[in-house]
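Peer 1: Below are the chains, spelled out letter by letter.
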Amino acid sequence: MLLLTCPCCGVTAEETEFAPGGEAHLKRFGPGSSDADYESYMFNRKNPRGVHFERWRHAYGCGKWFLAARCTMTLEVFGTYPAQTVEPPAEIVAAIKAKRPEWEGFA
Amino acid sequence: MKHYSAFAIAREAFRQHTGWGRAWASPEPRKSYDVIIVGAGGHGLATAYYLGHRYGIKNVAIIEKGWLGGGNTGRNTTIIRSNYLQDPSAAIYEKSRSLYETMSQDLNYNVMFSPRGVMMLAQTEHEKRGYLRTERANALQGVETRFISPAEVKKLVPIINLDGPRYPVLGALWQARGGTARHDAVAWGYARACSAMGMHVIEQCAVTGVTSENGMVTGVNTTKGHIGCNKLGIVVAGHSGALADMAGFRLPVESVALQALVSEPIKPCMDVVVMANTVHGYMSQSDKGEMVIGGGADGFNNYTQRGSWHHIEETVRALVETFPMISRLKMLRQWGGIVDMTGDRSPIISKTPLGNCFINCGWGTGGFKATPGSGYAMAELVAKGEPGPLAEAFSMFRFREGRFIDESVAAGVAH
Ligand SMILES: Cc1cc2nc3c(=O)[nH]c(=O)nc-3n(C[C@H](O)[C@H](O)[C@H](O)COP(=O)(O)OP(=O)(O)OC[C@H]3O[C@@H](n4cnc5c(N)ncnc54)[C@H](O)[C@@H]3O)c2cc1C
Ligand SMILES: [Zn+2]
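Chains Y and H are the protein sequences, given in the same order. The opening position of the first sequence corresponds to residue 0 in numbering that gives the first Met the number 0, with each subsequent residue numbered one higher. The opening position of the second sequence corresponds to residue 0 in numbering that gives the first Met the number 0, with each subsequent residue numbered one higher.
Check each hint, because a few of them may be wrong.
Result set (BS3-like, lysine-lysine): computed pairs, CA atoms no more than 27 Å apart in a straight line [unchecked claim]:
id: 1; chain 1: H; residue 1: Lys223; chain 2: H; residue 2: Lys64
id: 2; chain 1: Y; residue 1: Lys45; chain 2: H; residue 2: Lys329
id: 3; chain 1: H; residue 1: Lys383; chain 2: H; residue 2: Lys350
id: 4; chain 1: H; residue 1: Lys57; chain 2: Y; residue 2: Lys45
id: 5; chain 1: H; residue 1: Lys153; chain 2: H; residue 2: Lys329
id: 6; chain 1: H; residue 1: Lys329; chain 2: H; residue 2: Lys57
Hints were generated in silico from the structure; no laboratory data involved.
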């Protein structure tokens, strides 16, 4: 069972307390953008085998959104961090690099 | 290829079954092929089969990283139906269902297609209205379905509890020609037919890269070296994102785990397939007597072929409510498969941004039923370079153009 720590309220709980929200750090394209940009923002996903940055909501807890770095091949969670970031913070990147030296980094 | 028949069984009985031979060959790869299909699941094998059968393209390799049918083809709960809402879906799923009817004869391989009937329970007023709408849509599409009353449901499924504590049964959408088939046999039968046409089924060989020149595909890198091709078909279900990455594009697809489980075998108690989409569970009985059970998919990206525990609990809870007599059954096995989900819950059979590279994916939780139809449509696309009438609505570019084929409105679960 997946265990996650909510960085908003500090609670560590099983996944049943959280709701997954898909890929994180999407760059939003709205009205006026090209069809290709809008399509890729709305639908196209990295869907990687390995390190994945994703959104979660502490649905049955404090209700807040946060972000997590997780391996999709092992379900290992590298860390969670606030949603108010545009890219993974340095300590999360360091935690991933320590465990996955071959990881190419956030792109 | 040895022809399978009653006569062959009698002949082999007289010589201790020493003459059967292998159903398909395991050759070393050639330097290059006209067409390479990546993924020897049912869809990849069916594509190769129809390339040879309908278009005479037989210099084909089907490359599989594991064993044949070890992906979702060998992990699914084998429900076959075609009562979808949207016209493009009904067309391809109905084509597929009808191909299942003659598959054993066509392949000379018993795939145990059993058109025992599929029932989708309506357990809320909303769901009932939805199925009534589907019934009308199916009538226009030429797909035979009927909305039946609770009394008819009970007559077909005596073990059902119509007055469940949460969601009483208000009726059901019934497709009498739906049913089940033996999943591995579908893969084995196609592999045997492909091998007999001289195609190469190459197992234990993972594709690790896609090579191209001037925007046209030239081959694939594999764990057995580079293999060239004029045309490439990617048919890898849950791993489509990874293959697309190798080919240099991104897909509107996310991979998640879907689970199933089977019980200990019991005496025959239910001879139709029942799906309860509101409470989220479905069940049929295999020929061995096991109750075959499935439920919902997880919500997060996952490649582990292991789903979340609580989904099993939710599924079993829903089914115990619907069929109280199974409450003491022991479950024998439980497993997961990685399914490829698109934004509109409909598949992709499409050209890609890379020239002569085609993709077939996005069947998500419900592509076993589509295996022959999908291969039929994909073979046409690969052979002609342009989609035929069955495939054209399923382009990967429909998301940009806003032409969704929204099946998620039609059913909560889509098996
Ligand atoms: C638990 C469960 C229940 C289901 N129930 C139903 C149901 O009742 N009815 C229904 O219609 N559908 C159902 N489905 C969905 C159905 O199983 C799939 O849609 C269908 O089998 C997909 O077939 P495929 O040939 O495209 O994929 P697969 O059978 O998964 O084949 C893809 C193949 O590609 C190979 N591959 C991947 N990457 C590479 C690589 N790099 N190199 C070489 N090979 C590679 C894989 O090893 C795999 O064998 C269910 C799925 C699951 C998991
Ligand atoms: Zn919280």
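Peer 1: Next step is simple, just say for each hint if it's right about the structure.
Peer 2: Hints and how they fare:
1. Lys223(H) / Lys64(H): holds (11 Å)
2. Lys45(Y) / Lys329(H): Given that 27 Å is the threshold and the Cα spacing comes to 40 Å, the pair is violated.
3. Lys383(H) / Lys350(H): holds (11 Å)
4. Lys57(H) / Lys45(Y): violated (34 Å)
5. Lys153(H) / Lys329(H): Roughly 25 Å between the alpha carbons, so the hint for Lys153(H) and Lys329(H) holds.
6. Lys329(H) / Lys57(H): violated (47 Å)
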